[in-house]
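K.L.:
Taking the working numbering, I'd label the letters of the sequence shown as residues 328 to 741.
Source of the hints: derived by calculation from the structure; they are not laboratory data.
One or more of the hints may lead you astray.
Simulated crosslink set (DSSO-like; lysine-lysine; CA at most 27 angstroms straight-line) [said to hold, decoys possible]:
1. Lys420 to Lys686
2. Lys525 to Lys575
3. Lys553 to Lys440
4. Lys528 to Lys496
Since we're looking at a predicted model, the values are computed, not measured.
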Amino acid sequence: MKLPTLATALALTTCVLLTACSAGPGPAAARPQRSTYAFWPQFPDDPRVQFLRSMGGSSDVAATTSSALEEMVFGKDADKSAMINKPYGLALKDGVLYVCDMRAKSLVVMDLKKKQTRLVGATGANRLGHPVAVAVADDGEIYVAESERGAIVVFDAQERYSRAIGFPKFKPVALAIHADRLYATDMLAQAVQVLDRKTGKLLGTIGSVGDGDGQFRLPMGVATDKQGNVYVVDMMRGRLQKFSPDGKFLLAGGQLGDSAGTFARPKHIAVDSDGIVYVVDAAFQNVQLFDEQFRVLTFFGAAGDHPGAMNMPAGVCVDDGSLSLFTGLLHEGFTGRRVIAVTNQFGDAKVSLYALGEKKPGFEAADFARVAVKVAPGVGATEDTRQMQEQGQTDIPTPAAVPAGTPAQPVAPK
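All chains should be built: construct the whole structure from the sequences, respecting the hints.
P.N.:
Structure, rendered in structure tokens:
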């Protein structure tokens, strides 16, 4: 599939802002019950995660229409979909998806409530060069990790450029926010930098280089819970660590491996309002869920061509305030609690959406099995991953390069 140029995407964005692109059903509209669904885990277990839908561009937000005047001004390409090219980090807040598109060098904002698609940071002197992560504060400010510039670019609640935060020899790759504190994993320092998100002042650093508790080899994902605790996943060591708000080491779990509870290529992480930790793994091509003690709860995803399959996933986020937009996609016997969004770097499903929940009273696991599609188990690196590694298409290690592991075992502070 030939992807549209950035100019095309910008033309479409202008069209979207002018017309509000209200045509089309959009994700918020009520839809008839499906005939088949994808659930994890599968029968005989009760379902806990249901795949909702995937999105690849602006046409998945709302159908686009252009008038003769718009076609004259913007050209015939103005009515084409703006595609997400190569997504990485993302955020979802109250029905708005923020997706870092590394290839298009912009932040794609998919407003599912207004049925609009907008590009942020795509033009001007302060345009983005290599956006890899995004976090949105409660006041609406948007923070984008710009690894090429070595800074965090801030946009206000109206999506206008505000300022840049950074310091020499800084390479942020993931972001998290709690109150006025901004946490950034720093690839150069191999630590988590703690900044005042309003002033940009560096408040401190969590972790150091090493293999002990509170140390990292390549900290990748970072997230915070509602108490302000900080969670960091180490991609090189396959280890998940938890710190107090003041940076004290609290807990660790996980190791490199090829079984549930271990990691092969962990990327971004998220923590929901119940304290469940979500870790996306590009080699397993799934998302694993852990409790507050880092015990495995379940996992979902896996490579394949079934609904909800993943294709080199990188970003993950969760939101309690967006589920009402997708209730028409839920199985009648499934109660959703929150939406999980995952980015895929390859394939058409650039962003996949899932619901975490449980079966309603009166329904049994067999009721879901009758309408469930067969999905891959999602444990361990896949044969596709091995082939891509052999062909040099990915830097994901083959299973032979990592030792077989066991489920994550919590490690108490020493």
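K.L.:
Work down the list of hints and note, for each, if the structure agrees.
P.N.:
For each hint, the structure was consulted:
no.: 1; hint: Lys420 to Lys686; verdict: holds, 25 angstroms
no.: 2; hint: Lys525 to Lys575; verdict: holds, 24 angstroms
no.: 3; hint: Lys553 to Lys440; verdict: holds, 26 angstroms
no.: 4; hint: Lys528 to Lys496; verdict: holds, 15 angstroms
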